[in-house]
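J.: Below, each chain spelled out in residue letters.
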Amino acid sequence: DVKVTQSSRYLVKRTGEKVFLECVQDMDHENMFWYRQDPGLGLRLIYFSYDVKMKEKGDIPEGYSVSREKKERFSLILESASTNQTSMYLCASSLIGGRNEAFFGQGTRLTVV
Amino acid sequence: AQKVTQAQTEISVVEKEDVTLDCVYETRDTTYYLFWYKQPPSGELVFLIRRNSFDEQNEISGRYSWNFQKSTSSFNFTITASQVVDSAVYFCALSEPLETGANNLFFGTGTRLTVIP
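The listed protein sequences derive, respectively, from chains A and B.
Everything in the first sequence is counted per the numbering used here, starting at 1 for the first residue and increasing by one.
Everything in the second sequence is counted per the numbering used here, starting at 1 for the first residue and increasing by one.
It should be emphasised that the hints constitute simulated quantities derived from the structure, not laboratory data.
Treat the hints loosely; a few may be bogus.
If you anchor each label on the Cβ, the simulated ranges turn out as follows [as the list claims (entries may be wrong)]: (1) Val84(B) / Gln106(A): 38 to 48 Å; (2) Met27(A) / Thr31(B): 17 to 27 Å; (3) Leu41(A) / Ser12(B): 29 to 39 Å; (4) Lys13(A) / Gln83(B): 33 to 43 Å; (5) Ser12(B) / Ser65(A): 40 to 50 Å; (6) Met27(A) / Ser42(B): 15 to 25 Å; (7) Ser42(B) / Lys13(A): 21 to 31 Å.
Chain A stretches covered by chain B per the calculated footprint, using a threshold of three residues with CB under 8 Å from any CB of chain B [as the list claims (entries may be wrong)]: (8) 12 to 22; (9) 26 to 39; (10) 68 to 80.
Virtual Cβ for every residue (Gly too), placed ideally from N, Cα, C.
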């Protein structure tokens with residue numbers, strides 16, 4: 001069974017903290033994505049990666065960075081967390097090529113206080 | 001720029017009614033893919049269907065059907081004889097293949113469907 005696993009389901013962090021959200025997939029997918037989901041705004045792409053050490057900015061990369069040192073793992077980093085980064089974060093992966101559907105993790109609900 | 005619009009924020013129907021979820025997209029690409037995903041209350045998005053830009057055939061899968069019309073840039077989703085288990089948020093998405101072979105994936109804002117028993 002295909003699997004995308006996010007390290008935490010719920011996370012509470014303080015303003016100014018450096019936050020790491022981890023995502024692992026076991027399907028040998030080339031593409032990995034990070035989205036944030038907010039009410040009324042749908043899913044907005046933060047960053048995606050199509051290969052190890054390769055990354056591309058999405059629609060809302062400001063305040064975030066990513067790391068992909070191994071094919072199966074894609075990390076989202078909040079350099080200095082702020083309250084406006086309180087959100088649901090979704091990781092996804094897919095085979096390379098536009099026709100391939102993405103598989104999603106269960107999401108991490110991050111609260112920054 | 002790519003854009004996906006789901007104008008219906010929330011829809012409520014009574015069980016066994018038919019319901020259509022609208023999706024309109026914008027792209028300058030001639031080759032692209034469209035998707036529908038379902039997000040049940042548990043939160044994990046589930047893939048429902050894919051359609052490529054060269055295939056305008058409608059598709060039916062059980063109670064689900066999809067109508068892709070390139071002329072109006074629409075990819076609408078109809079649920080026939082709705083059931084309570086269909087209650088979820090439904091997302092339409094557009095994939096943009098890139099020169100690198102990777103693909104971006106843009107989502108609409110979603111439509112929350114509530115089926116009332």
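J.: If a hint holds in the structure, say so; if it doesn't, say that too.
T.: Here is what the structure says about each hint:
A hinted range of 38 to 48 Å is violated for the C-beta pair Val84(B) and Gln106(A), which are about 22 Å apart. Evaluation of the 17 to 27 Å hint for Met27(A) and Thr31(B) yields a pass: the beta carbon distance comes to about 24 Å. Between Leu41(A) and Ser12(B) the beta carbon distance is about 21 Å. The supplied range of 29 to 39 Å is therefore violated. Restraint check, Lys13(A) to Gln83(B): a C-beta distance of roughly 40 Å satisfies the suggested window 33 to 43 Å.
Checking the proposed 40 to 50 Å range against Ser12(B) and Ser65(A) shows it holds: the Cβ atoms sit about 41 Å from each other. Between Met27(A) and Ser42(B) the C-beta distance comes to about 20 Å, which sits within the given range of 15 to 25 Å. For Ser42(B) paired with Lys13(A), a C-beta distance near 24 Å keeps the hint of 21 to 31 Å intact. Counting residues of the region 12 to 22 of chain A whose CB falls under 8 Å from any CB of chain B gives 0; the rule of at least 3 is not met.
Under a criterion of three residues with beta carbons nearer than 8 Å to beta carbons of chain B, the stated coverage of the region 26 to 39 of chain A is upheld, 4 such residues being counted. Counting residues of the region 68 to 80 of chain A whose beta-carbon sits less than 8 Å from any beta-carbon of chain B gives 0, not enough to reach three: the coverage restraint is violated.
Going down the numbered hints, you'll see the structure goes against 1, 3, 8 and 10, while the others check out.
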